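Working from the sequences, and respecting the hints, build out all of it.
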Amino acid sequence: MPNTQIVRHPERAAYDRSTVDAILDAAYIAHLGAIVDGAPVVLPYVCARIGDELVLHGSRLAGTLTVIAQGTPVCTTVTHVDGLVLARSAFHTSMNYRCAVVHERARLVDDPAEKARMLDAMFERILPGPATQVRAMTDGEREATCVIALPLDAASAKVRIGGAIEPAADGDPSVWAGVVPLALRAGTPQPDAVTGADAPPPQLR
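Residue numbers for the sequence shown follow this note's numbering, so the first one is 177 and each next one is one higher.
Rather than coming from a laboratory, the hints here were simulated on the basis of the structure.
Source: prediction; values computed, not measured.
Cβ atoms here follow ideal geometry from the backbone N, Cα and C, with glycine treated the same way.
Take the hints with a grain of salt, since some may be wrong.
Unchecked claim - For each label pair, taking beta carbons as the anchor points, the in silico distance ranges come out as:
hint	residue 1	residue 2	range
1	347	309	52 to 58 Å
2	194	345	36 to 42 Å
3	345	207	34 to 40 Å
4	317	226	16 to 22 Å
The structure is reproduced here in structure tokens:
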């Protein structure tokens with residue numbers, strides 16, 4: 177099993193599933209890194225934690241996920257930036273964040289029923305509510321989509337909170353220091369040209 181021990185600032189580390197799961201569950205995108213055809217590749221994918229696995233999906237035509245699902249070791253990360261930590265020096269300026277890292281070998285989800293369930297769950301991550309509110313995916317669309325699942329057996333988290341850590345000598349009150357919180361928020365829904373005058377579904381308001 178890969179070594180998930182965090183060396184730098186170990187006091188910020190967490191290895192319990194509740195912390196890891198919370199970070200993964202708040203994410204829309206995960207970055208997956210692997211060696212593919214002899215070259216390092218890092219790519220973003222829509223993600224969703226489903227039970228004890230992190231599930232990613234992409235186009236089968238791209239081929240990357242299909243290759244990775246053949247047993248290539250991968251490292252997948254999710255990061256949320258929660259604030260800019262402004263200090264009285266550039267050196268001590270930082271960010272508050274939550275990050276989860278998953279080291280594993282992926283499996284290809286090829287059972288039709290399991291694949292359909294996972295794709296429905298991933299859609300619900302984007303638009304909460306039953307997938308029946310939109311047209312059902314066709315067999316061709318499902319076949320064109322590659323789904324992989326990563327076990328969460330070797331996962332770790334790292335979280336930074338609070339203000340800058342700086343020496344007392346930098347404590348000049350005339351220089352502003354503190355935290356600027358950052359958050360991902362949804363804006364006003366923008367209908368396309370085909371959509372009628374009906375209001376968007378409640379979960380988008």
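task = Starting from the range 34 to 40 Å, see whether the pair residue 345 and residue 207 falls in it by beta-carbon distance.
result = About 38 Å separates the Cβ atoms of residue 345 and residue 207, which means 34 to 40 Å holds.
inquiry  = Tell me if the beta carbons of residue 194 and residue 345 are separated by a distance inside 36 to 42 Å.
reply    = 40 Å, holds
query = Is 52 to 58 Å right for how far apart the beta carbons of residue 347 and residue 309 are?
reply = 56 Å, holds
task = Confirm or reject the claim that residue 317 and residue 226 have a C-beta distance inside 16 to 22 Å.
result = This hint holds: roughly 20 Å between Cβ atoms.
Checked against the numbered hints given earlier, the structure satisfies every one of them.
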